[in-house]
Amino acid sequence: MELDFYDEKGKLIAEGIPLNSLDFRSNKNLRKMVSTFRRTVFIDLHALENTLKNGLVGGEMIVGNECKVLGVELEHPIVENKEEIIHKLQEYLATDEITAIEDLLVIKVPMDDIEIACDSVSSPILKTSVALTQSIAEIFDLNIFDGVDLVKTALLGRYPQNVAPNGLLKSFLKVPTKVEGLSSSYRSMSVNDIVALSGKKVFDSVAMAWLLEFAAANETGYSVGWYKRLYLLGFAYQGLNANNLTYELVKECKKGTLYDVVDAVVQKACEDKIIENLDGIYYPSDMPLWNAYAASGQLAATIIECGAIRSAQSVGSIISTYNDLLQILTGLPSVEFGRAMGSAIFMNWLSHSIYGGGGAGVFSGEHVSVKGSRGFLIPCICAAMCFDVGTQLFVPDTTSKNMYKIREALPELHDIHKRIIYSCRGDGDE
Amino acid sequence: MSKKENIMIKRLKEIFNTEDLTDKHTSFYQFGGWKQSKRKQEFVIRAKQIAESRGIPIYLRDRDDIGVPLGQRFYEPLYISSTETLCEREDLQLVNNAAIQQMGDDIKRTVIIGLDLAHKILKERLGKEVTPETINHYMEVVNHTMPGGVVAQEHMAEVNPELTKDSYAKIVTGNQELKDSLDSRFILDIDQLFPEEKAEEINDEIGSRIFQVTRVPTIAIRIADGGIVHRWASQQTVLAFIAAYSIGGGAPLSDFAFAGKHAQVIVLGNTTWPRRARAPNEFGGIPFGYISDICQADRVSDPLTYVLESVALGGVLYDLIWWGGYMGGGVGPVNGTASLYTNEVLDELSRYMDEWIHHNYGGYNSVKPSLEVVKKIAQESVCRVLEEYDNYPVLLEEHWGGGIRLNVISTLASITTGLATGNSLASLMAGHYVYAHLVKEAMGRNAWGGGEAVDLVSIPDIVSTFPDGALIPELRGPNIFSTMVAHSAFPVGGITASHAAKGHPWVLSPVVKVAFSDPNLVFDFRYVRREIAKGAKREFNFTGDRNALRPGGE
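For the protein sequence lines, the chains are L and D, in the order given. Going by my numbering, the first sequence wraps up at 430, each residue one higher than the last. Going by my numbering, the second sequence wraps up at 1554, each residue one higher than the last.
Please keep in mind that the hints were generated in silico from the structure rather than gathered at the bench. Since the structure is predicted, the reported quantities are computational estimates derived from the model, not experimental observations.
Subject to a maximum C-alpha distance of 20 Å in a straight line, what follows is the list of computed SDA-like cross-link-like pairs (lysine to any residue):
hint, chain 1, residue 1, chain 2, residue 2
1, L, Lys-32, L, Ala-94
2, D, Lys-1120, L, Asn-65
3, L, Lys-88, D, Phe-1466
4, D, Lys-1502, L, Asp-146
5, L, Lys-68, D, Glu-1197
6, L, Lys-254, L, Ser-317
7, L, Lys-178, D, Gly-1227
8, L, Lys-53, D, Gly-1207
Extracted from the complex, chain D is given alone in its bound form (with noise of 0.2 Å):
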């Protein structure tokens, strides 16, 4: 196997300040509790100013008697893997990550809708012509009224374009010569954006179909959910059609919106169960296929990169934003999603794991699924990741929970027997039969009630013929009751596998793919560990703030 450097071990080296990690003693009581954080001692200083200034206590970290959750432990600091962010587990919570809430925002302030459908109405009802200038001129309307401009309505209050400077609207198609006579401004380049041979393939898929990626602002979704976003986009859609087409009133306007709100509208996030019940357009509906369809590490990236890049998107998403949300509040799920994307563990993982496909099966898709393949690496990745466990006692240390120690070797199985087989049902069984070789090798009841609940469930399920079970895994995501507790990193990252083995240009969907390759976006996904880290260093730029409207805001 590999003789290069092992980053991993690096990073535990330095984040434990130790040259031994084979040492299997440490020392209690002696780092200094919660002040071994800058941030607790940070969050300490300013708790005691907002307690005095609002006369009611908050955060009492420098309390003895409300728990002390850190007197006997070291308080390792984290890496974010690919970078080189030091930070703490502080830093890559949801609230106090800006990158990481704008990472969810920018997702599910995207709606898609379909021009053609418009055009034909333009066309057939009211017989007006369709042409480049005319999409052109809608165009810029529609830069005027998504994000808050007024047009065709007197006395209409408009929106302060500093508080939704991030809405906006551009188009996709695959028709060269319409792009060629579009305005560069609103065009999602496909040829530009992906590389020449992916390029070639969405361009075909998507073909003369027009497309418009619609960003409402970020401000949005933090004053209303997820529903408010296909309907925003689809009433300011109708408003710009009515400007830029002259359009009188009456039922021509109704189809529009009908077009836009109902007939050709691509909402990234279905609407959830009853007990978890969302809107449209939050994370619990988004499909897993998507999530690897948002991430665009393809585009700059090597194939485990850009799977390693997915594992974080949709760790990151599922469950620290949507779990953490629907299910607990508060300080969230931060430290099983944090394994996957710090201190180079997975990373890694993968890669020892990626010279082992290469050397038992020659590459990536190159043997067929089969329950023995899929036994197989879910036994090779289980007893790889133990045997670093007892290996290096700091990195049991660092990943403390059965859930964390499964989450990390259910994303290895999973992703390597994507890679290898190019099948991502395959994948998912990987990721879910982990849980019998960590039961029988080591851990035995593993994990906490989210962990192999789910694995146990779900493997029967998904290949089933029920209507509650078989579903193929790039339409499966967390409203599914069996996939939808907090461990649903690992089928981003074996579906994301399956498909970059087979060098797909997407996913699920041709037209998401484009629309997340978009420049203009505040998260860059292509680098989601680089956004991450940006925001745990505080030097990420957000937008969706009130700043405008405090005093002296502008």
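Isolated chain L (complex conformation) (with noise of 0.2 Å):
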């Protein structure tokens, strides 16, 4: 099977892809973009500085710091010796990929030490961590009584008191012991964070969201055998426009309303032959394409009600309406078979009720009231924020703002809708 793929603007951007070069196993570029989310660290150092001299460690507050330990301050010039740290890094690291940004430094680990790794995610925060403690102790000079571990503590947080790092040295993907699942790490990354690494435009937060949705899919074997067609087609259509199916259907759909998008949607199959309506009775002749086709409906759905009230916060009952009035109008089953709307509205009903979910903005794949859809929720959920223009309490401008610093030293994740898709086709640095 191939493909055709358009850009944002309905534009062919490649034709003829074929649907298998979409995987992992035979897409080396793509590799390659998903490890920068594994392999990636950073760390303000002004934050840095500023928590040492201030004995501000160990809150774990979200908002505000609750933490404050008296006599262990340490003011030491960190900022003004960041040359310094980022030579020291480069030689306890063997990388020279470290990129300053004003005061934040984003750090890649080498990649043979990812694929060394048996835990991947956790292993370039714990391995810089060390570094990082040791370049400071020398450059300062500090010794045993000299805080050291008030330096490693500032990076890692309560870490191993807790059972996650959670100071100032930061990474794209939770650790295994925070998520729901095994193998879930790529499904961890907030729908904030997504939105401001991507820019905050749609079908590159789309984009990104579905590679690493994917690749969760692909490492909990959610893309082998009879499912690997299902998913590698929500890609490509919901994650990617193929076939510039979302385009087309936000345009046709553009002043409508969610059972307009219905209707283009089941007119669509029915003309591409994907369903079949015989006697009132729709029957599908490809079912992996068919929930494609209605992936691509939920998406354009998404950005016609979100695009219309520049809002997020209805994305939930956006999505199960859409795949409610969906299964009433054919009798067909909705996206992933219920899993979508079934998530939608649990996500929906957390984020309008006393129990704790907060805006549509905080959510992440592997979270549990999300995780039930592989893929075809969070995308959705992305754009929704994309089109906001602050009516949430938690905005990616102010949950995510380093995201738009760490965007700038890391191009190989700009316009990555097109990159992901120039991939296929084997362009690219490998």
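Two chains, two separate frames, one set of hints: put the complex together.
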């Protein structure tokens, strides 16, 4: 099966791309792209200097700080010594991939380390912590009682008294002890982080979210055997605007309602002979492809609705209602056989109730409420947050400010929608 | 050194009923076995009644064929240090002592929620006004919802307040103006509760931030684990906001809930590692520094007493309740923990070392931490205690196991180093380094599996840069493999001592410090040992029982 891909303006950017070229096994560039999420860590040296100066370590609140240890304060010009710190990190970590964006260091540990590591999500943050602590200890001539342990604590937070690092040294993905389910770390980036990292562009956010979800699906066996084609097609159609379907649906229904989108999807699927209406009953000729069409419609519905109100709050109800209508109209399974709808209902409930969910931007793929849908839900929530003009309490500009900066250091993630498609043609560095 | 009366000697003479403590001989088989114990005799009588009533045997202490551990030994009673309470070991067992249970319950059922984010949501998302009047109204409502009162929902079942009467919420803030405008019933008044100088520092650090100290009912954590605490508190808080500020349903609710459950919540204990996995707010997840803050003896006593009270708190909480729960259960490790707060032993030794610090260094926080200082204090502590064991065989009899002795000496070295240097890392090193001197001086391999095993691993670990190792002592705790095993009282003592030596008003968190100064708490954290003594005498009024549900209950 070959597909054509289009950009956010409906312009053709690649044609005749084999579906299987989206498979990680056959696409080295895709593997390299996704490894960036594992091997990159970052540290704000200004924040580190301030933390050490005030003994502000160990706090666990997301907003604010409840802990302050008196008598341990360290006053050292960390920022001023940025170059020397970088030099030492390059030596200890054996990497020349360190970029400074103002006081923020974006560090990539070597691919070799990632290949050796059993837990390649945790390893970069732990190794960098050791390297950075030693670097600072050497530069400022710190001995046992001069606060070496405070430096390490500032970097990794309460770990290992708690079960995951929560200091100033950050990574994109959460370590396995913080996520629900084995091999689910690729699903652990928050929607706001993805949106900020992709420059708040709808198609790029959707593509990045899909890349991560697809990587998790690959890792957990959801894209082998019977299921492989379902997720490949989902990635292609919903994630990458294959055959311009999402774009066309948005264009066609931009002034319409959810029902118009549902109607258009069914009509298009009938025209393309993906489903067939026999005496009022719909039959699919290609179930995974029907799912991909339905998933494109789900994204189109999100773009139209959240775009119209410039707010993300309704994304859960948009997805659940869209799928509900689709099921009622056709009698066919909705996106991902009900998983997208179920997860959206759960997400919708938690983002409107007293049980602690928060707004759309704080959700992540592996969270208990949305993890039931693999790939088809989070990209739509990302799209919704791209349209939000600040109606949420937790927006990318506040929760994920650093992601905009980190983005500058990672050109391989720019225009990711196009990059993924080009990678299928074999373009890009290997 | 001091010519003052040695209370430890006085206590040992009383409990062993002898004038000559230096006697190295004793007579065996004349003490009467288990019948020495009044408590065990009571248990035997009651057990017979229970066995008859239920038809299944229970507690067979009077049988000779199931082990008779007391035939040849004197079963000495114990004085709780700093009190006149004489009790039996049974009275300090977790299940038998209601004060010890309540100590744990009062910590476990506490969660602190930042209200600033909630107020921001009210003002910015909902256009509501937040004033002292609205906060007072909210506090009334939250004190209705927290114990299980319903608002904003129909047909919801409410909780009998008799069962949840220990549940409430109060406010902490450093904003004087705001505090003066709020209803005093809902305020933890820092100025009233703390000495002036400390109050000023705490007020400054907390500033205008507003925290809600929340106690969920004890019965809640008796029917669930610590994971229920922040969820209960958050949900009832959100409901109180709904009612107090007349909020409709929808998106802002989830922001309130997210703020209370995740964004601005202080849960005292972290989740623990899978092999001993527990929910948040269980004891293994609480860092040492919080125990020093929870202990309130510094508000009413001298630094050394504060340290000794914190040792009792840390020992009972970590070793007796936590370790005894996740590792063992059943009878639990009563003796090792009790050795730290009974018969004035640690108190007398500490007073000696306190004078030694003044003699050698001129006072608290008077010597720079170094390996030499650590070794010197560890050595003096070891020699002092070994000398006491040599002089008074009954003390050796009293501290009958290597683990008990190591516990006492480590704690002594740790708190002495903390007081002398004001450095918590040095205090931890001294506590762990004691084993080396013991091996060299007298005891060879000492303690049981959980003693020097921990010391050997921790010495290199705490001064490393390893992710698994280095973490400042205040944030360490029993969830770290190298400090997790029944050897957790001394770090608390050492850390408390390090900060007490410098006169710090808190150790890890000013908010947690204030939260436990609350006079409405059931357990009085100013007098840890006195409260345990009340429990031993069965004079402690606990909460969380289900008596209201018994036939005839109200």
